[in-house]
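Asks: Required output: the full structure, derived from the provided sequences and hints.
Number of protein chains: 2
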Amino acid sequence: MPAKTSRSDAPSRRRLTAEEARARILEAAERRLAEVGPEGLRLTELAAELGVSHPAILHHFGSREGLVVAVVARAVGKLGEQLQEEIARRPQRLEILDMIAEFFGERGNARLIAWLVLSGRLGKLPEEPTGEPFLLKLIEQSHERRKAAQADREPDFEDTRFRSQLTALALMGESIFGDLIRFASGDRTGAAKSKDFRRRLAKLLNDTM
Amino acid sequence: MPAKTSRSDAPSRRRLTAEEARARILEAAERRLAEVGPEGLRLTELAAELGVSHPAILHHFGSREGLVVAVVARAVGKLGEQLQEEIARRPQRLEILDMIAEFFGERGNARLIAWLVLSGRLGKLPEEPTGEPFLLKLIEQSHERRKAAQADREPDFEDTRFRSQLTALALMGESIFGDLIRFASGDRTGAAKSKDFRRRLAKLLNDTM
DNA sequence: AATTGTACTTACAATCGAGTAAGTAACAAG
DNA sequence: CTTGTTACTTACTCGATTGTAAGTACAATT
Chain A
1 MPAKTSRSDA
11 PSRRRLTAEE
21 ARARILEAAE
31 RRLAEVGPEG
41 LRLTELAAEL
51 GVSHPAILHH
61 FGSREGLVVA
71 VVARAVGKLG
81 EQLQEEIARR
91 PQRLEILDMI
101 AEFFGERGNA
111 RLIAWLVLSG
121 RLGKLPEEPT
131 GEPFLLKLIE
141 QSHERRKAAQ
151 ADREPDFEDT
161 RFRSQLTALA
171 LMGESIFGDL
181 IRFASGDRTG
191 AAKSKDFRRR
201 LAKLLNDTM
Chain B
1 MPAKTSRSDA
11 PSRRRLTAEE
21 ARARILEAAE
31 RRLAEVGPEG
41 LRLTELAAEL
51 GVSHPAILHH
61 FGSREGLVVA
71 VVARAVGKLG
81 EQLQEEIARR
91 PQRLEILDMI
101 AEFFGERGNA
111 RLIAWLVLSG
121 RLGKLPEEPT
131 GEPFLLKLIE
141 QSHERRKAAQ
151 ADREPDFEDT
161 RFRSQLTALA
171 LMGESIFGDL
181 IRFASGDRTG
191 AAKSKDFRRR
201 LAKLLNDTM
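If you read the protein sequences in the order shown, they are chains A and B. If you're matching positions, the first sequence starts at 1 in our numbering and goes up one per residue. If you're matching positions, the second sequence starts at 1 in our numbering and goes up one per residue.
Calculated from the structure, these hints are not laboratory results. Where hints are given, some of them may not hold.
Note that identical chains are pooled: a pair holds if it fits in a single copy or bridges any two copies.
[Unchecked claim] Calculated lysine-lysine pairs in the BS3-like style (CA-CA distance at most 30 Å, straight line):
| no. | residue 1 | residue 2 |
| --- | --- | --- |
| 1 | Lys147 | Lys137 |
| 2 | Lys137 | Lys195 |
| 3 | Lys78 | Lys137 |
Replies: As structure tokens, then:
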């Protein structure tokens, strides 16, 4: 007899709308994914954390992989939005770096992206999940600023793009490998050193602007 | 009845020394690890690739995790050695970058390191697997060169260290996220662009030396 | 109030992968 | 040749994990 007719201690079960349930699951899954990666995600574990049974998750996402895909789609969307939004404020260089670093580091986004790239879920052609080149606007804005700063010799756009790519790669790298590289360099580790790295990077970029 | 008494078609089985066998397994495991990561490594799969049964691997390494640890230990050792060795040649800046990039990229070492960091097998205190700060010598050498290049104003060692860290982080980041970032920047992808990135990075570092 | 849709449950099947038990044969040493 | 060691095999156990089947209860609609 599968599923008892009635549970004696049932305190009138709560029932979420599909949207609410999906959102709750996505959020928890995203957190977990940044920690353990797409291979490490366990449905039973996630379900326990949410206080539901694991088939509930399967009910909403069809399969484990379906859940992962959904998380990625949402994360990529959020990344674009947040970046746009914050950049609209046109902050100073170091401020931008701190912002991006915060986005990458503290919220575990660099880890998530790294997991996805390594597991082949992101960055492979046909590039579907990545969507549009959402960094391009940021680079264009940066280029405008450079042009304004030095009216005499026109800066090369390709150079601006390179500098933006360098920034992105350095910050992503820093948020993942930062302490490892510092240790290997006989340096001290930790958040203060991370901040120091950003300050020096901002200075280097400003000096050669 | 476990294990038949004799195989009719047995063509006099080859038998490797423990050392040979371990080396063979380590090499294959390292390659696989860079591809699928420590969670993705399957003993049966690896064994099939090597043409042995999977308990043979367990015989030499005790457990799956034991194999992973052995691979990491060997990889870290090799990294230090190779780096030392190549640096002893005192090549030019771009040459160094290409060399490191080749080490990171083509041989999948950045991927391997990334997997290990993400899965918490590398970079955690107490830093045992990392050993000594093997980048320090490289940085010191770089600093000597800077001092020689400009006898007038003495360069700051911390600045040299920063520049080395930036280089390492940028190159590791590039070898993993390079194409993703380029795509997001509306740039073209591929090895040529990767090379171009290195050229620009070398130029930036030389110009601000 | 009856009906219908669906969010969610328990129980189960099926698979897959690490690790074990026991035996076999290759090689070295006496 | 005999004997001991050990590299390696086959056959298996056990646990973990994804997915399914079937049923239950909550909530909206009529």
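Asks: Of the hints stated earlier, which fail here?
Replies: none
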